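Visitor: Let chain A serve as the given structure and place chain B on it in line with the hints.
So the chains spell out like this:
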Amino acid sequence: MAFWAFIGSECLLFGSLISTYLIYKGRSTEGPTPEILNIPLTSFSTFDLLMSSLMMVLALAAVQRGDRKWANIWLFATAFMGMIFLGLQAYEFTSFVHEGLTLQANLFGATFFVLTGTHGAHVTVGVIWLLTLWGVGLKGGLTPDKALNVELAGLYWHFVDVVWIVIFTLVYLLR
Amino acid sequence: MEGQGSGTHPTVGTYVRVFGILVIVTIIEVGVFYVPTFQRVIVPILLTLSAFKFVLVVMFYMHLKTDSRFFTFLFGVPLLLAVAVIGALMLLFGVLKIA
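As they're listed, the protein sequences go chains A and B.
When you read off a place in the first sequence, starting at 1, and then add 1, the result is the number in the working numbering.
When you read off a place in the second sequence, starting at 1, and then add 19, the result is the number in the working numbering.
Bound-form chain A, shown alone:
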């Protein structure tokens, strides 16, 4: 219950960041505009996160039925997909900086980096959490009676995924 309340509070955090971005993205008087955004790259990132969500539920199902081998495989695969997402985001941010879009460049840059960077920070926390669970799993600690631990990590991971679903539409496709 407490974790759902936490996720609810996260909705408000991302709601405020998204509204700030939508209000200020078109008010820059100089510097790069949202036209700089790379749709093919972020489409792949979206596919990557959706795939990671599937792997997360497969990991939970494996833990619940006591299948330690597949639980470990799916948990690591989920974390690995998260790392791929972070790598693509680092590449995207770096290319934007090279094109003159920084946190200080204009209102679009400030709100874009704060919103997507906050999401990236959440993904990073999720990856660390998943790798920790994977480490526990390798030592045989992920038994069916510990499935709630994996389910909570899964809830967090899927929340990060649904936030990206919203960001992908509002920030990238409706630029």
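Just so you know, these hints were derived from the structure itself, not from any lab.
Small disclaimer: the values here were computed from a predicted structure and weren't measured.
It cannot be assumed that every hint is accurate.
[Said to hold, decoys possible] Within a straight-line C-alpha distance of at most 30 Å, the following computed BS3-like cross-link-like pairs (lysine-lysine) qualify:
id	chain 1	residue 1	chain 2	residue 2
1	A	Lys140	A	Lys70
2	B	Lys84	A	Lys147
3	A	Lys147	A	Lys70
4	A	Lys70	B	Lys84
Guide: Chain B in isolation, oriented as in the chain A frame:
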């Protein structure tokens, strides 16, 4: 990987089918973005598709479809509040206009 989750959770087959739908909807979203014909109606189409994906993940992957209604309340109320805040601020700052 065959088998099922716990009694209240969807089956692995359901998880895979939901993933397939999510991927197809994402492909449609990107397709709509690139087809000039849809530019006039791109906002409602993409918002609808995005909301559909959001609901699918929350219902099936986050198990709100089968979990306690109180969890739906704990998640739904702040979510609706966040959507209301986004809409209100966009109206206030003139980004969104009521005809």
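Visitor: Indicate, hint by hint, whether the structure satisfies it.
Guide: Hint check results:
Among the hinted pairs, lysine 140/A with lysine 70/A is consistent with the structure: their alpha-carbon atoms are about 11 Å apart, no more than 30 Å. For the hint pairing lysine 84/B with lysine 147/A, the CA-to-CA distance comes to about 22 Å; that is within 30 Å, so the pair holds. Proposed proximity of lysine 147/A and lysine 70/A is supported: the alpha carbons are some 15 Å apart, at most 30 Å. Of the supplied pair hints, the one linking lysine 70/A and lysine 84/B holds, its CA atoms being roughly 28 Å apart against a limit of 30 Å.
Checked against the numbered hints above, the structure breaks none of them.
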